[in-house]
Amino acid sequence: MRQLVKYFKPYVFLLIILILFVWGQSFVNLSLPDYMSKIITNGIVKKDLTAVWSNGIAMLLLTLLGGVFTIFVGFLAARISAGYTLHLREAVFKKVEGFSLNEFNSFSSSSLITRSTNDMQQIQNVMAMVLRMALLGPFMGVGAIIKAYQLAPSMTWIMAGAIGVMVSLIIMLFIVVIPKFTIIQKLVDKLSLQTREMLTGVRVIRAYNNDETQEAKFNKTNLESTKLNIFVNRVMTLMMPIMTLVMGLASLGVVWLGAYLINDGSMQVGSLFALMQYVMQTIFAFLMISMMFIMVPRAAVSGRRINEVLATEPTIAEPQSPVHLPDKIAGLIEFNKVDFGYEGSEQPVLSNITFSALPGQMTAIIGGTGSGKSTILNLIPRLYDVSDGSISIDGIDIRKLPQAELHGHIGYIPQKASLFSGTVGSNIAYGQPDAEDKELEKAAETAQAKEFIKNLPDGMDNPISQAGSNISGGQKQRLSIARALAKKPEIYLFDDSFSALDFKTDSALRTALEKEISKSTLIIVAQRISTIMHADKIVVLDEGKIVGSGTHRELLKQSSVYREIAESQLSERELREEN
Amino acid sequence: MEKKPMEQQPKRPMMGFGRGPIGMGGKPEKPRHFKKTMITVLKYLRPYWLYMGFVALCAIISTSFAIASPKVLGNMTDEIINGLFSPKGMNFDNIAVIGFWLIGLYAISAIFTYIQSWIMTSISQKITYKFRRDISEKIARLPLRYFDRHENGDIVSHITNDVETISQNLNQSMTQLITSVVMIIGILIMMLSISWQLTLIAILILPTSMIIITAIVKRSQRYYTKQQAALGEIDGHIDEMFSNHAIVKTFNGEDRAIKTFDHINKKLHNSGWKSQFWSGLMMPIMQFISNMGYVAVAVVGGWLAINGKVTIGDIQAFIQYMSQFTQPISQTANIANVLQATAAAAERIFDFLDANEEKIEKDREEIDPESVKGEVTFDKVYFGYDKDQPIIKDFTIQIKPKQNVAIVGPTGAGKTTIVNLLMRFYDINSGSIKIDGVDTNTINRHDVRQLFGMVLQDTWLFQGTIAENIAYGKPNATHEEIVDAAKAAHVDHLINTLPKGYNTIISETADSISAGEKQLLTIARAILAGAPMLILDEATSSVDTRTELLIQSAMDKLSHGRTSFVIAHRLSTIRNADVILVMRDGNIIEHGTHQGLLDKNGYYAELYNSQFSHS
Chain A
1 MRQLVKYFKP YVFLLIILIL FVWGQSFVNL SLPDYMSKII TNGIVKKDLT
51 AVWSNGIAML LLTLLGGVFT IFVGFLAARI SAGYTLHLRE AVFKKVEGFS
101 LNEFNSFSSS SLITRSTNDM QQIQNVMAMV LRMALLGPFM GVGAIIKAYQ
151 LAPSMTWIMA GAIGVMVSLI IMLFIVVIPK FTIIQKLVDK LSLQTREMLT
201 GVRVIRAYNN DETQEAKFNK TNLESTKLNI FVNRVMTLMM PIMTLVMGLA
251 SLGVVWLGAY LINDGSMQVG SLFALMQYVM QTIFAFLMIS MMFIMVPRAA
301 VSGRRINEVL ATEPTIAEPQ SPVHLPDKIA GLIEFNKVDF GYEGSEQPVL
351 SNITFSALPG QMTAIIGGTG SGKSTILNLI PRLYDVSDGS ISIDGIDIRK
401 LPQAELHGHI GYIPQKASLF SGTVGSNIAY GQPDAEDKEL EKAAETAQAK
451 EFIKNLPDGM DNPISQAGSN ISGGQKQRLS IARALAKKPE IYLFDDSFSA
501 LDFKTDSALR TALEKEISKS TLIIVAQRIS TIMHADKIVV LDEGKIVGSG
551 THRELLKQSS VYREIAESQL SERELREEN
Chain B
1 MEKKPMEQQP KRPMMGFGRG PIGMGGKPEK PRHFKKTMIT VLKYLRPYWL
51 YMGFVALCAI ISTSFAIASP KVLGNMTDEI INGLFSPKGM NFDNIAVIGF
101 WLIGLYAISA IFTYIQSWIM TSISQKITYK FRRDISEKIA RLPLRYFDRH
151 ENGDIVSHIT NDVETISQNL NQSMTQLITS VVMIIGILIM MLSISWQLTL
201 IAILILPTSM IIITAIVKRS QRYYTKQQAA LGEIDGHIDE MFSNHAIVKT
251 FNGEDRAIKT FDHINKKLHN SGWKSQFWSG LMMPIMQFIS NMGYVAVAVV
301 GGWLAINGKV TIGDIQAFIQ YMSQFTQPIS QTANIANVLQ ATAAAAERIF
351 DFLDANEEKI EKDREEIDPE SVKGEVTFDK VYFGYDKDQP IIKDFTIQIK
401 PKQNVAIVGP TGAGKTTIVN LLMRFYDINS GSIKIDGVDT NTINRHDVRQ
451 LFGMVLQDTW LFQGTIAENI AYGKPNATHE EIVDAAKAAH VDHLINTLPK
501 GYNTIISETA DSISAGEKQL LTIARAILAG APMLILDEAT SSVDTRTELL
551 IQSAMDKLSH GRTSFVIAHR LSTIRNADVI LVMRDGNIIE HGTHQGLLDK
601 NGYYAELYNS QFSHS
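Line by line, the protein sequences are chains A and B. Following my numbering, the numbering of the first sequence begins with 1 at its first residue and continues without gaps. Following my numbering, the numbering of the second sequence begins with 1 at its first residue and continues without gaps.
Treat the hints as calculated values from the structure; they're not laboratory data. Please note: incorrect hints may appear among the correct ones.
[What the hints assert, rightly or not] Taking lysine to any residue and the SDA-like style, the derived pairs with C-alpha atoms no more than 20 Å apart in a straight line are:
1) A:K220 x B:K130
2) A:K217 x B:E137
3) A:K190 x A:T213
4) B:K130 x A:V188
5) A:K186 x B:T160
6) B:K259 x B:A246
7) A:K416 x B:A246
8) A:K186 x B:T165
[Unchecked claim] If you only want the chain B side, here are some residues facing chain A, beta carbon under 7 Å, derived:
9) N252
10) E254
11) I258
12) N265
13) Y472
Remember, predicted model here, so these are calculated numbers, not experimental data. Every residue, glycine too, gets a C-beta built ideally from N, C-alpha and C.
Using the sequences and the accompanying hints, generate a full structural model.
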C-alpha cells in the first residue's frame with residue numbers, strides 16, 4: 001500500500017479539516033436531544049412557555065449549524081476522493097504506458113484494464129462513502145454512549161444489549177451468507193456461459209439434434225441457482241424484521257426502565273426523550289461501522305491491485321548513455337546468437353538465432369505454431385529484450401538506442417490488425433501525425449486500400465469505431481499496412497499480415513509493395529508458402545531454432561521441415577515446376 | 001458464421017453502467033407499451049395470485065401493528081407522568097401491562113413481516129426460474145435466421161440482467177407498494193387522532209422538502225450524466241490503449257495517449273466531484289428539514305401540552321410518526337420508476353419470447369440414415385436471406401452418391417449459405433433440395449440434420465470432458481468407440497499426453513488445447529456420429545502446418561466413401577473435387593470440374609490464376 005499512501009499525502013490537511021467538521025456534526029446531533037429534554041422538563045412539565053420558545057430557537061440554530069457542517073463534510077469528501085483518484089489514475093496510466101510487453105504478459109492486458117477502471121472507481125466510491133458517512137459512526141456511537149451514561153448509567157445496558165444483538169446478527173448472517181454469495185456468482189456465470197454456449201454453438205447443436213440435452217443442462221443450473229437464491233434471500237430478509245424489533249424493544253426498555261428511575265427521582269421526565277434518541281443514534285452508528293467493515297476490505301483488494309501496478313518497474317528501460325542513429329539509415333538487421341525466454345518460464349522460445357536481413361531484400365520466416373517466428377519480430381522494436389546475444393541495426397546494438405528513435409525507423413504490422421477509434425485518415429497517419437493528405441493516399445493505394453476507402457460514405461474521413469469493428473478483417477489489415485507505409489520507415493516487419501486477405505488481394509499487395517519499398521529491409525512472417533516462396537531469403541524455424549535458411553529452391557532440397565510444409569500447401573505440379 | 005447487420009438492435013450501454021455514487025441512478029429506461037407489458041407480467045404471475053393476496057394480507061397486518069406501537073409507547077410515558085403527579089405514585093402494574101402489550105405488538109409485526117418476505121422470496125425466485133427456462137427453451141425453437149440477425153450478448157443479457165431486474169423489482173415493489181400505502185394512511189390517521197395542528201406541520205414539511213430535493217436531483221443528475229459520459233470515455237480510452245500496447249509503442253504513441261488521457265481525466269474529475277457533492281447534499285438537507293419539523297413539533301406540541309390539548313406521550317408518539325413518514329412517501333414516489341424499469345426489462349424478454357419460431361413439422365416422410373445412398377439434387381433453387389432479395393437464383397445441379405463437392409470463393413462470398421440450406425438451418429424460397437429423391441422440405445428437420453456430419457472451422461466445443469465432447473452426436477457411445485474415433489481423427493495421441501486424458505475438461509479459458517487440436521476433436525465427433533453425408537470447412541491460417549496435415553488426413557479419411565461438401569481453401573482439395581461450386585456475392589455463379597472451369601476461363605480461372613500470378 002506504500003504507493004497508494006504516497007499519493008494521499010497532499011490531502012492529509014484537507015482530511016484533518018474534514019474530521020473536525022465531522023466532529024462538529026456529531027456534536028450538534030448529540031446536543032439536540034438535550035434541548036428536547038429541556039423543553040419537556042423545564043417547559044411543558046413546569047408550564048413555562050418561554051422555556052419552550054428559547055430552547056426551541058436554540059435547537060433551530062443548532063440544526064442550521066449542523067446542516068452547514070454536513071455540507072462542508074460533503075464538499076471536502078467529494079474533493080478529496082475525486083482529487084485523489086485523479087492523480088492515482090494518471091499515475092497508473094503513465095506507469096502502464098511505460099511497461100514493456102513483459103509486464104503486459106505478467107499482468108495480462110485485461111487485468112491492467114480492470115485495475116485502472118473498475119478498481120479505481122471502487123476506491124473512489126468507497127473513499128467518498130467512508131469520508132462522508134462512515135466516519136461519523138464512531139464519533140456518534142461513542143458520544144451517544146457517553147451522553148446516555150451521564151443521564152442514567154443503567155440505560156447503557158439497554159444500548160449494549162441492542163448493539164450486541166445487532167452485531168451478532170450481522171456477523172451470523174455474513175458467516176452463513178457470504179460464502180453462498182460466491183457460489184451464487186459462480187452459478188450466474190455458469191448460466192450465462194451455458195446460454196452463450198447454446199447461442200454460439202447453435203449450428204452444431206442442431207446438426208447433432210442436441211437441443212434437449214443442452215436445455216436439460218441449463219435447467220439443472222437454473223434449478224440449483226433458484227434453490228440457493230431462495231435460501232440466501234430467506235436468511236437475508238431476517239435482517240429487517242429483527243432490526244425493527246430490536247429498535248422497538250430498545251425504546252420500550254428505555255421508557256420502562258425510565259419509569260423506575262423517574263419514580264426514584266434520579267431522572268427527569270424529559271430525559272426519556274433524549275435517551276430514546278441516544279439509543280437510536282448508537283444503533284445507527286454501529287450499523288454504519290459495520291457497513292465500513294464490509295466495504296473497506298473490498299476497496300482494500302482494489303487498492304492492493306493498483307498498488308501492484310504502481311510498484312512494478314518496467315523491465316525495458318531507456319539506455320543510460322544513448323547512441324543516436326543518423327536520420328536516414330540503411331536498415332541492416334543482424335541477429336547475433338540471440339536467445340529468448342519469457343520471464344519465469346524454463347523453456348526458451350528462441351535459442352541461438354543468428355541471421356541478417358539486408359536492405360532492399362525480403363527476408364521471410366516460416367515455421368509451425370510455437371516455433372517462435374512472431375517472437376523474432378517482437379524483439380526488433382524491443383517489445384521484449386533478448387535474454388542473451390544481441391540484435392543490431394546498421395551495426396549498433398538496439399539496446400543502446402533511445403526507444404522512440406528505434407521505433408521511428410520501424411514499420412510494424414501485427415498479425416491481428418488493430419485500429420484506433422477515429423477516422424480512416426487518422427489511423428493511417430497514426431505513426432506520422434503531420435503527414436500530408438497526399439502521402440496518406442499514396443500509402444492507402446500501395447496497401448490496396450484505396451478502392452474500399454473510396455467506397456466508404458466519407459472516404460478518408462469515414463469514422464472508425466473502437467477496435468475497427470465497423471469494417472471487415474481484410475480492410476482492417478490493409479489499413480494497418482497503410483499505417484506502417486505512411487511512416488516511410490527503413491525497416492518493415494510483417495507478422496503474418498496477409499492471412500486475412502484473399503489470394504487476389506494478397507498478390508496485388510505484394511506486387512505493389514515490391515515496387516514501392518524496394519530499398520527497405522523487409523522481414524515477413526508467414527503461414528502460406530505462396531506468400532514467401534519468392535523471398536530473397538527464407539529462414540525456417542522449428543521449436544525456436546533455425547533449421548534451415550536459403551531460397552525456396554534451396555530449401556526444398558535441403559530442409560525436410562520446409563519440404564513438409566511445402567508439400568502440404570502446394571500441388572505436386574507446382575513443386576515439380578519449382579524444381 | 002456471417003452476421004447479417006440488417007436489423008441492428010440498439011445497444012444498451014454496458015460500460016460504466018450502474019456505477020458512480022451510491023443511491024443515485026441514471027434515468028430509468030422507458031418501455032414502449034407499459035400497460036400491455038404489465039398485463040402480460042400479471043398473466044405470468046397468475047399461478048401465484050393467491051399467494052400474493054396472502055402476502056398483501058401479511059403486509060397489512062405487520063404494518064398496522066407497527067403503526068400502533070408508538071401510540072401505545074406514548075401511553076406508557078403518559079402513565080409515568082400521571083404517576084409522577086398523582087398522590088398514589090406510579091402504577092407499575094399498569095406500566096407492565098402496557099409493556100407486555102407492546103412486546104406482543106412488536107413481535108407480531110416482525111413475524112408477519114418475515115412471513116411475507118418468506119413467501120415473496122420464493123415467488124420471485126420461481127418466476128426467475130420460469131423466465132429463464134422459457135428463454136432457454138425458446139432458444140431451441142427459434143430459426144437460425146434469428147441468431148444471425150441478433151447479438152448473442154443481448155440474449156445472454158435477457159437471461160441474466162433482465163430476469164434479475166424483474167425478480168428483484170417484483171420482490172421489492174410488490175410489498176413496498178402495499179406497506180407504503182398502508183403506512184401513509186395509517187400514520188396520517190394516528191397523527192390526526194393526536195392533533196390536527198401538529199399534523200398540519202408535518203404535512204407542510206413534505207412539499208418543502210420535495211421541492212428542494214427535486215431542485216438538487218436535477219442539478220446532480222446533470223453532473224452525474226456528465227460523469228458517466230466521461231467515465232465511459234476514459235474506460236474506452238484505457239481499453240483501447242492497453243489492448244494495443246505493441247502498436248502504441250512501435251508507433252511512438254505513448255505521449256499522445258497520455259495527453260488524451262489527461263484531458264479526459266480532468267473532465268472526469270470535474271464532473272465527478274460535483275456529481276458526488278450534489279448527490280451528497282440530499283441527505284443533509286433532508287435531515288435539516290426533518291430536524292426543523294422536529295423543532296416545530298416540539299415547540300408547538302409544547303404549547304399545546306401546556307394548554308392541555310395533548311399529552312407528553314402524544315408528543316413522543318408524534319415525533320416517532322414523523323420520522324417514519326418520509327420513507328414510505330419517497331418509496332411510493334420511486335415506485336413509478338421501478339415499475340417502468342420492470343416493464344422495460346419484461347418487454348425485452350417478451351419480445352424475445354414472442355419472436356417467430358420454426359414451424360412444428362408433423363406427418364413427415366421417414367428417412368433411414370442407414371440406407372441413405374447420398375444423392376443430392378438442387379432443383380431450381382431460389383434463396384435469399386431477405387425473401388424479396390434472392391441471392392441464389394435458379395440453381396440446379398445433381399450430385400451423385402459419394403462425390404466430393406468443393407465450395408470456393410473469396411471471403412464474404414456466402415459459402416456458409418450452402419451449409420445453411422443443406423442442413424435446413426434456413427428454408428429455400430422456391431425449388432427443392434432432394435436427398436435420394438426425397439424433398440428435404442417434406443422430411444422432419446431433425447431427420448435431415450441426422451444425415452450430415454458437420455465439421456466447421458468455428459470449432460464449437462462445450463464445457464465438459466473431451467470424451468463427452470467426442471460423444472456429442474452419440475451420447476450412448478462406449479469408451480472404446482470414443483477412443484476409436486479419436487484414433488481415426490489422429491487426436492488420441494494428443495489426448496493421452498494430457499494429464500487427465502479423456503477426462504480433461506474443455507473450457508473457454510483453458511488454452512491447453514490449440515485451435516487445430518480442437519478441430520481434430522470436432523472431426524472425431526463427426527466420425528463417431530457416423531452420418532452418411534458430410535459438411536466440412538477447411539482450416540485456414542490459425543492452424544500450424546503439422547496439425548493441418550493431421551486435419552487433412554483425418555478429413556480425407558472421413559470423406560472417403562461419403563457424399564461430402566467441403567468449403568475449400570486448399571488447392572489440392574479443390575482440384576481433386578468431383579464438382580466445384582464457385583460462389584460470389586452470395587450466388588453460385590459457376591460449377592463444374594477444375595479443368596472444365598479453367599477451360600471456361602471465367603471467374604474461377606481468374607481466382608485460381610491470381611494466386612500464382614506472382615513472379
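*Check each numbered hint from earlier against the structure, then list the numbers of those it violates in ascending order.*
none
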